[in-house]
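Chemist: Residue-level listing of the chains:
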Amino acid sequence: KQEVTQIPAALSVPEGENLVLNCSFTDSAIYNLQWFRQDPGKGLTSLLLIQSSQREQTSGRLNASLDKSSGRSTLYIAASQPGDSATYLCAVGLNTGTASKLTFGTGTRLQVTL
Amino acid sequence: EPEVTQTPSHQVTQMGQEVILRCVPISNHLYFYWYRQILGQKVEFLVSFYNNEISEKSEIFDDQFSVERPDGSNFTLKIRSTKLEDSAMYFCASSELSGLSQFFGPGTRLTVL
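Chains as they are written, first to last, in our numbering: chain S, 2 to 115; chain P, 369 to 481.
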């Protein structure tokens, strides 16, 4: 059974700092990996998707990497802003034949202070 | 920008009652999903749906649950006889193809009293 762990559980950084969020998974036979952002009481916003054949994806100040063999992914946020404050979720995709289901981690709660 | 929508945003029901949660996926998407998140816990997969049938369901998705695509736009989750432990945020998601990004709706908060 796939288990997804995210470290740290919470992180507080001053504005402008670069930071790295970590995600690890136990079964390397994944189809893809998706990073989401969740604001309190809200839905999930998709940030980046990395296919199993890819090593990294970039979108603006965000860069996600994937090392499938070691069961790890990182989300790098450059020049953090207070608006980046949210919970960041890592989700591993498993292809079940006709669809892909996601297994989520518990998230990292990020606070960016002024 | 196209988005997944869900109604209602909050549903309060009595234990034992039936509830139907509604979702409108992104129009050109072919794969549909339901997930749930109990307060303070992980987001959990419930069911995936493609070509008018269930592709996979989790252990949580027992006989109390059913899904349906009654027309070309709606995707529903029905809980036949709600229990206290069904209280959670329920998220609908859709993707254009299997393995591509899943886009989530804002969720329906279900409270069972």
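Hints are supplied without guarantee of correctness; some may be wrong.
Said to hold, decoys possible - Now the in silico label distances, taken between C-beta atoms and shown as ranges:
(1) P:D431 x S:A30: 45 to 55 Å
(2) P:G440 x S:R56: 36 to 46 Å
(3) S:A79 x P:E427: 35 to 45 Å
(4) P:G440 x S:Q52: 21 to 31 Å
FYI, nobody ran anything at the bench for these hints, they're computed from the structure. Ideal Cβ placement from N, Cα and C applies to all residues, glycine included.
Chemist: Each of the hints needs a verdict: does it hold here or not?
Modeler: Here is what the structure says about each hint:
1. P:D431 x S:A30: 45 to 55 Å: 30 Å, violated
2. P:G440 x S:R56: 36 to 46 Å: Between G440 (chain P) and R56 (chain S), where Cβ atoms are some 39 Å apart, the hint holds.
3. S:A79 x P:E427: 35 to 45 Å: Holds, at about 40 Å.
4. P:G440 x S:Q52: 21 to 31 Å: 29 Å, holds
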